[in-house]
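Residue numbers (this note's numbering), protein chains in the order written: chain A, 1 to 257; chain H, 1 to 256; chain Y, 1 to 260.
Treat the hints as calculated values from the structure; they're not laboratory data. This one's a predicted model, so the numbers in the text were calculated from it and none came from an experiment. There may be inaccurate statements among the hints.
These stretches of chain A come out as covered by chain Y in the derived footprint (C-beta under 8 Å, 3 or more residues) [as the list claims (entries may be wrong)]: (1) 75-83; (2) 240-247.
Sample of chain Y residues with no beta-carbon within 10 Å of chain H, all distances over it, derived [what the hints assert, rightly or not]: (3) R12; (4) V31; (5) W33; (6) S41; (7) G63; (8) L66; (9) I113; (10) D205; (11) I213; (12) L230; (13) G233; (14) W254; (15) G255.
Derived, one-sided and incomplete: chain Y residues facing chain H with beta-carbon distance under 8 Å [unchecked claim]: (16) A19; (17) A20; (18) Q95; (19) N98; (20) A100; (21) I107; (22) S108; (23) I110; (24) L178; (25) V197; (26) A198; (27) L202; (28) V212; (29) G219; (30) Y222; (31) L237.
In this text, a Cβ means the ideal position worked out from N, Cα and C, and glycines have one as well.
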Amino acid sequence: MGAAEAAAQAKLRMDGVGRRFERDGKSIAVLDGISFDVSDGEFVCLVGPSGCGKSTLLNLMGGFLPPTSGSILIDGETVEGPDPRRILVFQERGVFPWLTVEGNIAFGLAKLPKAERQERVAHYVRMVQLEGFERSYPSDLSGGMKQRLQVARALAVNPDILYLDEPFGALDSVTRLVMRAELLRIWQTERRTIVFVTHDIDEAVQLADRVVVLSSRPAKVMDILEIDIPHPRNISSPRYLELRDDLLGKIGLAHSV
Amino acid sequence: MSGTARTFLALRPFAFLGFLLLLWQLAVALRPDGLMPGPVGVALGVGELLRHGLLLKYAVASLFRVTWGFLLAAVLAIPLGLVIGWHRRAEWAINPLAQIFRPISPLAWIPIAILWFGVGDLAAIFLIFVGCFFPLLLTAMSAVHRVPSVYLEVGRNFGLGGWDFVSRVLYPAVAPQLITGARITLGIAWLVVVAAEMISVNSGLGFLIIDARNAGNRYDLVVAGMLVIGLIGLLLDVGMRSLERVRSFRWSYSED
Amino acid sequence: MSSLAKSGAWERLFWPLLAAGLLVAGWHYSVVWTATKVFPSPLAVEQGLAQLLRQHVLWRDIGDSLRRVALGFCLAAVAGVPLGLALGWYPALNQVVNPAVQLLRPISPIAWIPVAILFFGVGDKAAVFLIFLAAFFPIVVACVAGVSNVPSIFRRAARNFGLSPLQILARVVFPAALPQILVGLRIALGVAWLVVVAAEMLAVDSGLGYLVIDSRNSGKRYDLVVGAMLVIGLIGLALDVGFRQVEKLPSVRWGSRRES
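Isolated chain A, as found in the complex (with noise of 0.2 Å):
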């Protein structure tokens, strides 16, 4: 397709983004010149290393902060603010304890008449699998629900874009590969654009259409990744260990411990 078909596709752009921050007086660059689109219904994993700015962009691009150079463009609007068209699930701790499941799920619904709203909860409340925890509080589940329930208080306000930062981070290695099914399974019924930020690389080509590779604090756009292998992937097949080998190359890695 041609650069202008292309560029009039995008669900998100970013054009030369850059943030600072002022500490002790000092100026401080974290992200410097990210460019790169988004297209509707994309899986993109933002990926580099640790402490390399990868949240801040996140939250750059969920309008919680304003780019001190650059802009962030969503469906060709200018990205003002915090908006439910772009739900961000963190790392831990996000969802509420003093709610429910339920209502947890329902925190975005407030909108809505009480039996759409019911019925939605439900909904989602079976799709990521708490069914029996409705009325359970976050203290009461394990990592890997809470996250779930993230996701589902996400969803329930239908966004078009979903963040995703770290949101495995915090949950055991077992676990991690339960979560990642589950979001592409996710993914696969109800088709939004995602944008994950992790460190962890077998993820990022475990999960992503493409990878776009972070360099270090100033953040810049080293490369972006395609990842071509359809779902589900064999994470022992060549061309799997191949990009995967790739992208450890292109941050920098060693392959021996």
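For chain A, the structure is supplied; the task is to place chains H and Y on it using the hints.
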């Protein structure tokens, strides 16, 4: 932000205070026959107290009683509380009793205090002691519980025993919570001393307040006394808070 | 901590009862040994209280004290919680008002007694005013702290879902701060209970505090003095325990659980 804007921001609280003082002065001016003094009258009253040397004398008397009562209570209650908190059965035995004694206002002890110690310093110190003992005891007991068992296991793992264990593991672990509890208890002590002095002694800031009123309706001195009480109470609190900030205690408060 | 011995619930009852029994026995015998004519024995206290109960005087005094605390405390909560929330929510407002609060707060409510009597005369209103003062400042401070300690993640999530600032305050910040606010209310109630006794000793002529001072002044009835002290202690404990039960409600309980 420009320098003038910054100064303006810093001055706002003072402007607010000034505004309150103005309201007060106006309210008093509207009732010229009333006994209540305005801020000006109070300031003059403070000056008078300073000139007669009474302010210093009474403040010292009050602080003296608080110090003695508080320290006696601390020296007894804290080690006792740590030991009791450590042994489960001792805690089961003592905790309900302490919980019943604690809410008994120290002021309710006044008749007993006067009975045992007569009117005077000892009675006042006893009241402060009672007011501080139970809160400190309960704080120490609770502090022992809050020590993460990880620290205790590490101590045992490294073969620390007895006094070594107490001084190098237990004490540093409970110190932050003890200091917070001590700060709160000191606040109670300061509250109690005022009451104790109103009823059972002939000096001190509490006495000043009640005497100024009884012997001539000198409400300007009453309010002056109130302000000095407030000021000293504030200084005590700030002092304790800075203790909390001492490096080796600060770790416990940095939990997110 | 100590040995992980398997012990039934009966032990939890046994030890305190034993300790209480020892205490009462010790009390009784020290009274007997010192042959004091003034300090009451446990038996005397019990009889004195029974007498008050029969004369219906005890209930009236308890009712008076509780009523004043309830009134003063509720007024303090109604005034203090919204103010505390506002101060915590608008840092600019807090910066202006806070120094005034910090200056007034350490002035012992008891030091206010002469002023209270001047304004309200001797009686209920003065006592309620003193209790209001005693509870007001701890409540405000706790609310400010509660709001400030709400993790920013909750506020961000609320903004994300498109809530207006007022909605964020009501639906997210307030529930998130509630555990800490309740602790502040409980502590304020404790201070109020402490102060009501003082207020009743000096500014009114009924209630448990008055009972304590009056029993001594008019007849050296130390049995009633001690009896009143015990009643004060028990009611104070009941108030504290009752409040802690509120803190255990599920929509608040999460605030005191340590997530490991």
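**Message:** For each hint given before, does the structure comply? Return the numbers of the non-compliant ones in rising order.
**Reply:** 2, 3, 9, 11, 12, 13, 24 and 29
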